[in-house]
Amino acid sequence: MKRISFVAVAAVLGLGACGPAPETGPVPPRAFTAPLYNAQGAQVGSVTLTYVGDSTRVAVQGTSLPAGTHGTHLHTTGRCDAPDFTTAGPHLNPAMRQHGPRNPAGPHLGDMPNMTVSAGGTGQVSATILARGVPGAGPLFDADGTSLVVHASADDLVTDPSGNSGARIACAVLAAPAAQARAAGTAAPRDAR
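Just so you know, the sequence shown maps onto residues -23 to -1, 1 to 170 in mature numbering (1 follows the signal peptide of the UniProt record, and there is no 0).
Hints listed in this document are in silico derivations from the structure and should not be mistaken for laboratory results.
For clarity, every value in this text was computed on a predicted model and none was experimentally measured.
The C-beta atom is built at its ideal place from N, Cα and C for all residues, glycine as well.
Fair warning: there could be bad hints in the mix.
[Unchecked claim] The following label-pair restraints were derived from C-beta to C-beta distances:
{"no.": "1", "residue 1": "10", "residue 2": "44", "range": "21 to 27 Å"}
{"no.": "2", "residue 1": "135", "residue 2": "7", "range": "32 to 38 Å"}
{"no.": "3", "residue 1": "119", "residue 2": "75", "range": "19 to 25 Å"}
{"no.": "4", "residue 1": "73", "residue 2": "40", "range": "33 to 39 Å"}
{"no.": "5", "residue 1": "8", "residue 2": "143", "range": "27 to 33 Å"}
{"no.": "6", "residue 1": "143", "residue 2": "82", "range": "18 to 24 Å"}
Could you put together the complete structure from these sequences and hints?
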């Protein structure tokens, strides 16, 4: 009888230790939003970066942009000095490829789809960028950050170096979240460093 009681107690204790594993589920995405400014320093939209694993989702929301189709690109430097935003540097292109998804030697990492803006000034576009490694590190957030630039014209998606997309009309500084928080206190458009 003692042996049966011992086995029963051991079984109950063993089953208690075999309870369900804690639910871990997928890691929730991390995100931050940066303001998008025009050459006059007015906020004309926003750019939201959402990190999920090795991917970064870049979503551009225009609220007061000129109507039409506009090229959108990630640029190498997290700096947006008006009026021409040339401080943003060239397209983000760590693999040294040519411009455009229709170019056999392309695309740049920073090439994004065109954004169509309504007569009311609103438009949106998004793309998923695959950046290996820890979210927030790598080419999107190197020491000098990154920027997103909206161009005056449509990107033809093939012509190197920028798809004949014209002048830079709006810019957002995209920096690692800590640097972005520091930049939030400065007048627009400014350097994220």
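Self-check item: Assessment of proposed distance window 19 to 25 Å (beta carbons of residue 119, residue 75)
Solution: At roughly 21 Å between Cβ atoms, residue 75 and residue 119 fall inside 19 to 25 Å, so the hint holds.
Quiz item: Would you say the C-beta atoms of residue 135 and residue 7 sit inside 32 to 38 Å of each other?
Solution: With Cβ atoms ~34 Å apart, the hint holds.
Quiz prompt | Range hint 33 to 39 Å (beta carbons of residue 73 and residue 40) holds or violated | solution = Holds, at about 35 Å.
Quiz item: Within 27 to 33 Å or not, the Cβ separation of residue 8 and residue 143?
Solution: holds (30 Å)
Quiz item: Between residue 10 and residue 44, does the C-beta distance stay in 21 to 27 Å?
Solution: Holds, at about 24 Å.
Quiz item: Between residue 143 and residue 82, does the C-beta distance stay in 18 to 24 Å?
Solution: Holds - the Cβ-Cβ distance for residue 143 and residue 82, about 22 Å, lies within 18 to 24 Å.
The structure fails none of the hints (numbered hints given earlier).
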